[in-house]
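Colleague: Residue numbers (this note's numbering), protein chains in the order written: chain H, 111 to 460; chain B, 111 to 460; chain P, 111 to 460; chain V, 111 to 460.
No wet-lab data here; the hints were simulated from the structure. Just to be clear, a hint being listed does not mean it is correct.
No copy is singled out in the list; a pair is fine if it fits within one copy or between any two copies.
As the list claims (entries may be wrong) - In silico lysine-lysine, BS3-like type, Cα no more than 25 Å apart, as pairs:
#1 Lys158 - Lys169
#2 Lys336 - Lys229
#3 Lys244 - Lys335
#4 Lys434 - Lys244
#5 Lys201 - Lys229
#6 Lys384 - Lys434
#7 Lys162 - Lys141
#8 Lys310 - Lys169
#9 Lys201 - Lys377
#10 Lys457 - Lys141
#11 Lys434 - Lys229
#12 Lys244 - Lys274
#13 Lys244 - Lys201
#14 Lys377 - Lys335
Number of protein chains: 4
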Amino acid sequence: MTKIKTKRDRVKFASDNVAGACPEVLDAIIKANDGDSTPYGNDQISTKLQDKFSEIFEKEVIVFPTASGTAANALALATMTPSFGNVYCHKLSHINTDECGAPEFYTGGGKLVTLNGVKGKITAEELDQAISGKGIVHHTQPSSVSITQVCETGEVYQLDEIKKISEVTHKHNLSIHMDGARFANALVSLNATPAEMTWKSGIDVLSFGATKNGCIAAEAIIFFKKNLVGNVAFLMKRAGHLLSKMRFVSAQLDAYISNDVWLRNAKHANKMGKKLSDGLKDHADINLAYPTEANEVFATFPRNKIDYLNSEGYQINEDEWDGKAVRLVAAWNTQDTDVDHLLNSLKNSN
Amino acid sequence: MTKIKTKRDRVKFASDNVAGACPEVLDAIIKANDGDSTPYGNDQISTKLQDKFSEIFEKEVIVFPTASGTAANALALATMTPSFGNVYCHKLSHINTDECGAPEFYTGGGKLVTLNGVKGKITAEELDQAISGKGIVHHTQPSSVSITQVCETGEVYQLDEIKKISEVTHKHNLSIHMDGARFANALVSLNATPAEMTWKSGIDVLSFGATKNGCIAAEAIIFFKKNLVGNVAFLMKRAGHLLSKMRFVSAQLDAYISNDVWLRNAKHANKMGKKLSDGLKDHADINLAYPTEANEVFATFPRNKIDYLNSEGYQINEDEWDGKAVRLVAAWNTQDTDVDHLLNSLKNSN
Amino acid sequence: MTKIKTKRDRVKFASDNVAGACPEVLDAIIKANDGDSTPYGNDQISTKLQDKFSEIFEKEVIVFPTASGTAANALALATMTPSFGNVYCHKLSHINTDECGAPEFYTGGGKLVTLNGVKGKITAEELDQAISGKGIVHHTQPSSVSITQVCETGEVYQLDEIKKISEVTHKHNLSIHMDGARFANALVSLNATPAEMTWKSGIDVLSFGATKNGCIAAEAIIFFKKNLVGNVAFLMKRAGHLLSKMRFVSAQLDAYISNDVWLRNAKHANKMGKKLSDGLKDHADINLAYPTEANEVFATFPRNKIDYLNSEGYQINEDEWDGKAVRLVAAWNTQDTDVDHLLNSLKNSN
Amino acid sequence: MTKIKTKRDRVKFASDNVAGACPEVLDAIIKANDGDSTPYGNDQISTKLQDKFSEIFEKEVIVFPTASGTAANALALATMTPSFGNVYCHKLSHINTDECGAPEFYTGGGKLVTLNGVKGKITAEELDQAISGKGIVHHTQPSSVSITQVCETGEVYQLDEIKKISEVTHKHNLSIHMDGARFANALVSLNATPAEMTWKSGIDVLSFGATKNGCIAAEAIIFFKKNLVGNVAFLMKRAGHLLSKMRFVSAQLDAYISNDVWLRNAKHANKMGKKLSDGLKDHADINLAYPTEANEVFATFPRNKIDYLNSEGYQINEDEWDGKAVRLVAAWNTQDTDVDHLLNSLKNSN
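Take these sequences, add in the hints, and give me the full structure.
Modeller: Below, the structure written as structure tokens:
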């Protein structure tokens, strides 16, 4: 069989952000391009997002669309955390390890207090013990908690876990943020409603990710409590995240959350992740590092298998994640044949 | 004739950012969506931008694509200005009046020292006198200069004006930035080359605007001096402006600067601006506040004419700009009939 | 007569911060040194300051002692101004020209919007016109006003001037700060009570200066409104301005405001300033640049007279202040003979 | 025997910052008060400090006096760490736990990456493994290392430990800072020279503490490498730490480092700490938590003994430090009788 290695093949499974936009989202962009429109989010598409998200979350929410997940996280945290405040988060959390200090920048110098967690998830108990020093002027002040859903090891916080963490958070009068970069993947994994996985479990502010699961560049900061909105509009503008032609971000979000597009995409990605994960079990020398609960697969590979895959054109790196495991990510556009190809390559590598 | 007022009609002339993307740019987005691609600007479209811009500017330049003009400005200034530094700029400059303090945010608290200028442009003489206090620990330190091209009154800096300002800037060992939100409009107005209007006239760093002139959300920070690049990559990531699917920003820029799309768009917008400006001269009670040198028209209108236009569906506000003049902006997609419609409305208002 | 030029002679009149501490303040430091004491302002001297200042201001005030006037100003402004906020102030104000951007640092990037004023003082009218853009996301937000008493030209705001400025400030829902680096000098000049010159005239927060008028390093941030205190204690600690042996700062303030020490010192300094100012009138080629209303004298000198004084050992510089006038400052320890010496030198210079 | 509990008795051993200034330092302040002097550190006392410290450190050093140890630390780190930089430090380090985020404030949002260390000290090996991500735009950038000498458990870094940590630091092209809040106590504990404990062991920048060991408010930032000084003068002014009457800080430092005052004070404090530590060994239910290597004693006490001591007027709190041990600190002015009194009280508590 002739192998054709194109650049695009090689990048498959490296992340879910290697995929482009799904057809519905691309169509929405094209449609939004028809004619003129009021800038800076005062267009019709943007203004109706508020209602659409409120419907989805079964509660009146306040929505700020943004093109960047890092910005969504940092802006959200900046409304919950003063410059002298602590954000409690997992040591592996994206906000701590992969945003080049964005939360520190946006909060004006806040401190990320890292928790070891159990695997990829923090626990309510550990959080409870970590929060201290409130009101003492020498100490940075406990202010907020952030959890990632799907978390950085591919695991998904269960509803009762979220609830317990929220309870501890609120017991100490802190606010809690969910980094939902893979919100839809978690949601379909739990088979929960958006409301259940967020405000009904105590979440105060959500970074609603859409880019990875079928958009081009579209996220939303969603406030479940009005009093937490604070000055986020000014902070967003000040950071250059209030795009003039905001309708194009809003159009992506609109299409994404309409007609179950987001849920379909996520279900498919998770299914492909599961298929890949199951396939890896055939290899005695490959071990799952964490259970595959959504669309990300973490596994330890023998060196020769990694080398072989990369010689096949994949871009796989065991240093990618924590130096221990390889991360493989299925996306909305991953095909059965893509999974088969990778699994076949692995077989050939023996 | 039946008048149909749609939302989109109303917003015409309010700004050039009410227009969507031109066909070439939209096509490029659609094309870029085909297949997977390395994220964070390491894709093929993004990496080749460096060469394309270098060709256009007749010099090896260093390019950072971004989705936001405010971010481009603030990031550029942050590489040239320490937290205790002064940015000298016109009092009406966008960075001073319309970015909610983005330069202050990105520089970590820099100070914008505002110059009165002559109409919308600063002068080399005024700048020379304003720069002071260098090396004295009590004073914020002269660091950078920023000019806007097309400037905030619709006027265009002439090449010799830019040169003189650059010379003063460099005499004091400062760096100079050009906010080129309407770079193409200025360029075709001057009938100059990109090189002539920038580094050949002494400009060190450019915010290359594309959004207003036919893109969706695409700008580029262009460094003409390598030593000024500094840590901008980290600052950009830290601010959430390194989009994961950066290829879609790059694809816009690529299409925009290919095949003279940007110049054609700008020429057309300027032509429509000129037509509108000329048409206003028929009204004795309407006076141009500034010469129309690109695609923006500033004029004082009698109150009743403003009211009439707004009753027609336009969104015109004399408080929009400096409380004195109305700003009307032609865009790449402004039609002759659009100008005719507005001029006819004015006639009817008598 | 033999002239002996010592370094200390030369610096006389250069500023009032060239003087050391007055005897009462030095004694208080020595006394405070006796024995151990709770650190960080929880000592007995510090805690009773609250009451003493409340008595002096005829109102329950909240006091934060600090060793630095720049820090006092910046911390005060940081409680009144968000990172995206405007501080309205005179273009010559110390916070704008002589603190190397401290307000920008402490506010996290706030913007100082400078007013031209009439001579050294801003006017209520100019302020009223300058405040704009509230609630509009593109603009930095009007937040606070700061006036300097004694102002930077040596003039003193009259009570009705302060009241008018405060009224405009509060009309726009902003807060107003007084930089009272020479608070006592202004107070005795106006023959007003501390209450009259501050909260009774609408002032919300005061930087109460003591260093220049007889202390070593002692200022106080005084809040007349509890709701403005905000997080200043955390900001102060975070900036390294919560000294561990705070009792020594408090002891200075305690002695300073006891037994009319501060008022006596200021009266004397003002008297010496007046004597100097009057003496200058004998010289036709010396002109007061501003009326001498407290302890600072601003005058234009012919070049040869400046040169002669400096040859005599003075440190006088017409570039010191605004490039136009020489500033001569009398202090609590200025002697009649000091003034006579300078005036005699001037006569000899003819 | 009649016990007289005064407030000042009670605070003994709570910290070494409860003590006032030693006689030599107080005398220097009184002497510095004689006459006028150039402000802002341009006086004769301040300018000659440079030479005196250079002599003591056997190397030309650059010295910035400051009134605050927190400011000294944060300013030092700000010259070594960009806003997107990592500072590696012990999890218990003062900069991480007791400065309310000062390093984050001064660096503009830098990240403190905490190491677990072995007891109170970090190790070269742990540091070596922790430093990662250099040059990768997603990660905050390894920039500096900070160690505390005496460290937060009362232990003293040995010279070879400092050397190894410095070597790892420099291997990765980072800079290393020593928080020498108790520099003299460590020095006499090691019987080393100032040069040996700093630059000869690889230290780049030192916070030289003097307040705790006999001054009122005096520390010094000491640069052993000129290229690291950077813009610290501007940052210091901008933070309000360039005191106008700086001579009084400099006079303290001058007296402190003259005639072995600092070493005598530290030797005495360490001796008293040792005496106290030895005395605690008589109690089977009191256990040293860490070896007593300087003037701080950490020990676990049974609850009833703590209660008894506090009933005697002491201010002892097992929550003070890490929730596990009580910290007792001897100072330059601790008397044999003070130690005896505490030890006697302990005997009585049985």
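Colleague: Now tell me if each hint is right for this structure.
Modeller: Structure-based check of all given hints:
In this assembly of identical chains, Lys158 and Lys169 lie within 25 Å of each other by CA distance solely inside one copy; the values are 15 Å within and 46 Å between copies. Within a single copy, Lys336 and Lys229 get their C-alpha atoms no closer than 33 Å, and across copies no closer than 43 Å, so neither meets the 25 Å cut-off. For the identical chains of this complex, Lys244 and Lys335 are neighbours both inside a copy (23 Å) and across copies (24 Å), given an alpha-carbon limit of 25 Å. In the homo-oligomer, the alpha carbons of Lys434 and Lys244 lie at most 25 Å apart only across protomers (19 Å), although the nearest pairing inside one protomer, at 37 Å, exceeds that limit.
Taking identical chains as interchangeable, the C-alpha atoms of Lys201 and Lys229 lie at most 25 Å apart whether they share a chain (10 Å) or sit on different chains (21 Å). Proximity of Lys384 to Lys434 under the C-alpha cut-off of 25 Å is restricted to the intra-copy arrangement: shortest distance 21 Å within a copy versus 47 Å between copies. In this assembly of identical chains, the alpha carbons of Lys162 and Lys141 lie at most 25 Å apart only when taken from the same copy (18 Å versus 30 Å across copies). Taking the shortest Cα distances, Lys310 and Lys169 sit within 25 Å of each other inside one copy (10 Å), while across copies they are farther apart (47 Å).
Within a single copy, Lys201 and Lys377 get their C-alpha atoms no closer than 28 Å, and across copies no closer than 42 Å, so neither meets the 25 Å cut-off. When the C-alpha separation of Lys457 and Lys141 is checked against a cutoff of 25 Å, the pair qualifies neither within a copy, at 45 Å, nor between copies, at 35 Å. In this assembly of identical chains, Lys434 and Lys229 lie within 25 Å of each other by CA distance solely inside one copy; the values are 13 Å within and 27 Å between copies. For a Cα distance limit of 25 Å, the shortest separation of Lys244 from Lys274 inside one copy, 21 Å, qualifies, whereas the shortest one across copies, 37 Å, does not.
Proximity of Lys244 to Lys201 under the C-alpha cut-off of 25 Å is found in both arrangements, the shortest distances being 22 Å within a copy and 18 Å between copies. Neither within a single protomer nor between protomers do Lys377 and Lys335 lie at most 25 Å apart by alpha-carbon distance, with minima of 29 Å and 48 Å respectively.
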